[in-house]
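Working from the sequences, and respecting the hints, build out all of it.
Respectively, the protein sequence lines represent chains G and P. The working numbering applies: residue 1 is where the first sequence begins, and numbers increase by one. The working numbering applies: residue 1 is where the second sequence begins, and numbers increase by one.
In short, the hints are calculated from the structure, not lab data. Any given hint could be a false lead.
Think about it this way: if two alpha-carbon atoms lie no more than 35 Å apart in a straight line, the pair counts; the simulated DSBU-like pairs of lysine-lysine are [to be verified]:
| # | chain 1 | residue 1 | chain 2 | residue 2 |
| --- | --- | --- | --- | --- |
| 1 | G | K115 | G | K70 |
| 2 | G | K55 | P | K57 |
| 3 | G | K73 | G | K115 |
| 4 | G | K103 | P | K11 |
| 5 | G | K55 | G | K78 |
| 6 | G | K103 | P | K57 |
| 7 | G | K103 | G | K73 |
| 8 | P | K57 | P | K71 |
| 9 | P | K11 | G | K115 |
| 10 | P | K57 | G | K73 |
| 11 | G | K78 | G | K115 |
| 12 | P | K71 | G | K103 |
| 13 | G | K103 | G | K70 |
| 14 | P | K57 | G | K70 |
| 15 | G | K73 | G | K55 |
| 16 | P | K14 | G | K103 |
| 17 | G | K55 | G | K103 |
| 18 | P | K57 | P | K11 |
| 19 | G | K70 | G | K55 |
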Amino acid sequence: AQTVTQSQPEMSVQEAETVTLSCTYDTSESDYYLFWYKQPPSRQMILVIRQEAYKQQNATENRFSVNFQKAAKSFSLKISDSQLGDAAMYFCAYRTRNTGGFKTIFGAGTRLFVKA
Amino acid sequence: DTGVSQNPRHKITKRGQNVTFRCDPISEHNRLYWYRQTLGQGPEFLTYFQNEAQLEKSRLLSDRFSAERPKGSFSTLEIQRTEQGDSAMYLCASIEIGGTEAFFGQGTRLTVV
Chain G
1 AQTVTQSQPE MSVQEAETVT LSCTYDTSES DYYLFWYKQP PSRQMILVIR
51 QEAYKQQNAT ENRFSVNFQK AAKSFSLKIS DSQLGDAAMY FCAYRTRNTG
101 GFKTIFGAGT RLFVKA
Chain P
1 DTGVSQNPRH KITKRGQNVT FRCDPISEHN RLYWYRQTLG QGPEFLTYFQ
51 NEAQLEKSRL LSDRFSAERP KGSFSTLEIQ RTEQGDSAMY LCASIEIGGT
101 EAFFGQGTRL TVV
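Here it is, written out as structure tokens:
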């Protein structure tokens with residue numbers, strides 16, 4: 001069975017600095033998606049960034065980028081120039097691309113605090 | 001369309017009562033998911049619909065839980081004979097045909113007292 005592990009329950013970063021959130025996953029499949037979702041307090045979860053496993057190039061979305069290491073099954077999120085609005089729970093998630101694979105598997109999350 | 005809508009936002013119920021939650025997905029999305037999220041944890045998959053067909057159910061979904069999507073549009077999740085362990089946030093998400101991004105609702109927070 002696939003699993004997603006986030007080993008950092010909490011992280012803290014100074015405004016304008018850079019922070020990296022860690023994620024590892026376990027799967028026997030070769031074709032899948034990886035995601036980072038953001039869940040602000042009392043607000044709905046939104047997608048931050050997505051990576052297709054067949055793509056070697058790391059995904060980037062403005063201040064957010066990932067370091068995807070397929071062999072190591074590692075998928076970290078880097079937030080550059082951190083802003084107060086980045087404070088939230090961040091969830092790493094996995095979903096197979098195989099036919100019949102429907103569910104997204106989430107890690108336990110990392111709470112990010114941003115200090116002014 | 002303003003996104004995935006869930007009602008109610010909060011529900012407090014006494015142990016043993018039945019509750020029903022509703023999810024209205026984004027209108028062109030044919031795939032709909034229910035997840036449960038407890039405090040300090042990530043969402044856990046409960047069930048999945050493609051149009052009106054329920055294609056997968058988690059072992060977390062005991063006999064007291066039932067979900068429907070009768071016309072392939074909105075969905076309901078019912079919990080019968082609620083227990084304190086059912087207290088959680090229940091999230092709904094939808095994905096469009098051929099899409100990869102799941103759009104989440106704000107969730108229904110259930111408290112069983």
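Results of checking the hints against the structure:
| no. | hint | result |
| --- | --- | --- |
| 1 | K115/G / K70/G | holds, 33 Å |
| 2 | K55/G / K57/P | holds, 31 Å |
| 3 | K73/G / K115/G | holds, 31 Å |
| 4 | K103/G / K11/P | holds, 26 Å |
| 5 | K55/G / K78/G | holds, 18 Å |
| 6 | K103/G / K57/P | holds, 10 Å |
| 7 | K103/G / K73/G | holds, 19 Å |
| 8 | K57/P / K71/P | holds, 19 Å |
| 9 | K11/P / K115/G | holds, 34 Å |
| 10 | K57/P / K73/G | holds, 27 Å |
| 11 | K78/G / K115/G | holds, 17 Å |
| 12 | K71/P / K103/G | holds, 21 Å |
| 13 | K103/G / K70/G | holds, 20 Å |
| 14 | K57/P / K70/G | holds, 29 Å |
| 15 | K73/G / K55/G | holds, 14 Å |
| 16 | K14/P / K103/G | holds, 31 Å |
| 17 | K55/G / K103/G | holds, 21 Å |
| 18 | K57/P / K11/P | holds, 23 Å |
| 19 | K70/G / K55/G | holds, 10 Å |
Taken one by one, the earlier hints all hold for this structure without exception.
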